[in-house]
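Enquirer: The hints should help you fit chain B onto chain A, whose structure is shown.
Chains as they are written, first to last, in this note's numbering: chain A, 169 to 528; chain B, 143 to 575.
I should point out that these hints are in silico values taken from the structure, not numbers from a laboratory. Mixed in with the good hints, there may be bad ones.
35 Å max Cα-Cα, derived DSBU-like pairs, lysine-lysine [as the list claims (entries may be wrong)]:
| no. | chain 1 | residue 1 | chain 2 | residue 2 |
| --- | --- | --- | --- | --- |
| 1 | B | K369 | B | K457 |
| 2 | A | K257 | A | K338 |
| 3 | A | K275 | B | K457 |
| 4 | A | K442 | A | K289 |
| 5 | A | K257 | B | K457 |
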Amino acid sequence: MTPRREAARLDREILAFIAANRRDGRRFNELALRLFREQYRENRAYRRYCAEAGVSPEIIDDWRLIPAVPAEGFRHLRLTTFPRERTRKVFRTSGTTSDRRGEHHFKRLVFYDAAIRAPFKAHFLPDRERMPLFILVEPPSARAESSLSWMMGRVSARFGVRSSGGFYVKDSRLLADRLAGDLRRVRRPVALLATALSLLAFLEWLAGRGLRLRLPRGSRLMETGGFKGQERRVGRRALYRMAHRWLGIPASRCVAEYGMTELSSQCYDSNRGKRRWKEAPPWLGWVVRDPATGRPQPDGREGLLCFYDLANRDSVLAVQTQDVGVARGQRFELVGRASGSPLRGCSLDHEALVRAGRIP
Amino acid sequence: MSLPLAVRRALAARERLSRRTVVSIAASLGALSERWLDSSDPYRRRAVRLLTERHGYAAPAAETLLDRLFGSMRETDFVRMLELELGDPRVLDGFRRVRPGDRRLLRAHGPGLITHYLAGNLPNPSIQAVAFGLLLKSANLIKESRRDSGVVGVYLESLRRLDRGLADACVLLDPSDRGAAMEAAGRSGLVTITGQDRTVRHLRSRLESRTKVVGYGHRVSVTVIFKEKLSTVTAVRWLAARTSRDVWEAEQRGCLSCWLVAVERGGGCEPRRFARELSACLDRQDRLDPTSFRSRAGERAKASHRGLWRIRRVKGQDVECLESSPPGRWQVLYEGRESGPPPAGGEWTIRVCAFEGRGWTRAVGRFRGHLQGAALEAPPSRFESCAEALAEMGVSRVTRAGKLQAPPLTWHRDGRPALAEWVRWTDWERTLD
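So that you can see chain A by itself, here it is in the shape it has in the complex:
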């Protein structure tokens, strides 16, 4: 079979696997290895990276052995299987911790869009088809480079209602007044979708005015993004307590989404307890790796999260993150972020130095 026909077949099979949304380890392994083979062949930078790691497609038969590119690699390398002129979309990282922003190039968004729908529905809207979505993120028309804005745009089109809700951030400013006014008028359950930072800003805005909203029963909240690179930080439980107090949305109706520019798929909280365990969709494999040896960690032991995303069809499927996680069966808990060696004594505050912009 010619490479082009094999690629077309792989496209169809991956899309079918995503649409089926069913766990099948053997099938995932087969598709991941085929995708790796193609990306190794077509992606020059990745091929050189694999050579550095001493791995080629012929010598592995398990998806966990596919060399994962550090997320940092998206800042420095053009990781695509297609020529530059065929790029249709570029998502860029927020650049919170470094001057240079990471870039994820796409020649098509069909895989990206397909990967959004089922997990969002399953974890956030299992009980209804549509509902008013109030989104505390800039719309994709204003932030073309933001993968989060793109995702929110897709979600809004597929699951929102036209008569109510919308985007409530403009020119990087939260339209808190308008949002609060619109939320006061709602009579049916609504959903708020926000970054942790914009949500905190809105809750503090409400608190500052002593404005308590009681959203209709069944209303819910999805937050994402955390507080990386920000001086202002609030723990997730504290944030949910504030959401309960000022919006009337209980923690049991709050869901954290976990995604990143370098991946095309997202994970969601699978439970609502004190410790929240995230679930990845069937086409997103993951491993918690020992940072020293790179070996998979057993359940319960911290390590770095590494993802294998079939929806990263035209870049690299294997991405090594800086996020620290703990595995428990099919799920993982997000523990934090590896920012550098722990600093004690009077040694240097690494993050402060980076933030100060002294080191690019």
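Expert: Below, chain B alone, put in the same frame as chain A:
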């Protein structure tokens, strides 16, 4: 013991202390240092156990750390420091004419009460801070880091055995009781803070503006080696061994720990060779005590550096990541041309970058504003101009490779006087009319 009672007792001890001469205090502290320099001293043994078992130091590093500290805290060192900083140590006992011909008589007073916020598990600045407070005849309230408490307590116990009067003027606060420490700070004439920059900022912001605060934040040190010093393999090995000392001696936990080595091209040995020699030295040293602590976060940082260096190789850059086997113990990150993130450091991670001409200023300049010490290996013809450039960048101490962790007591830490900042002066313009 409640805080008011602790303060009362410390102030009463201070009252008694004020009647002693500063030379007698220096003699007591010096005698205590001599005891600590004896490797069989039971207090020293306890401190070494604490440093290795609780704080994760390698045993050789813990021993060296204490040797370096107490070797610089002998009676003559204290007297010399007081002479340099105050002109005459006896100004702490009464009015003295410090300079011949000066009609003024000078008197220096230490703060009545000092609260020391001691951070981290590097005992040197903590023990020095307490000793300085005693030399000024002040009462000292000591708040150690909750996580890293212990060694100062052992020091004070040993002091009590030798000189009860001095020990009574020091009170260890409960490390977990932040409220008490804050209250103590509010009552103090001086608050010294050693810790992360944000801790210093935070505490400063919470104290009244009239409270005198001396803060010591985060800094790092560097090494610069010029090609003339790399003429032979023997010289390279010798310098690598010296540089490795600057990494392992304080486990890269202090501001005098080396994070970056800039090595000039064009010598008898290339910088890459130096990086490999340095790796070999670190490996040998690590094998002496492979059980010393490395955190999971440190391992993650090393994994991140490894990945980034691999990416840089893919980009065709002249870089190499040299690591322990298995990985996670130490890491030497070599780059043929200084550029780009991350600023490696901490837990035996060191960056070696090659340079030509004035390239070292760019490499070192990245740390501008956060520089502490510099080990400089240069020929006599270039030494002074390089030292000038380092001083211009904010370096507070220029020394030779292998000496970074052994500052004299007189060193201007953070570019400031060691102790002169803590005192209050009275000038008596005595006229004989």
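Enquirer: List, from low to high, the hint numbers that the structure doesn't satisfy.
Expert: Violated hints: none; all satisfied.
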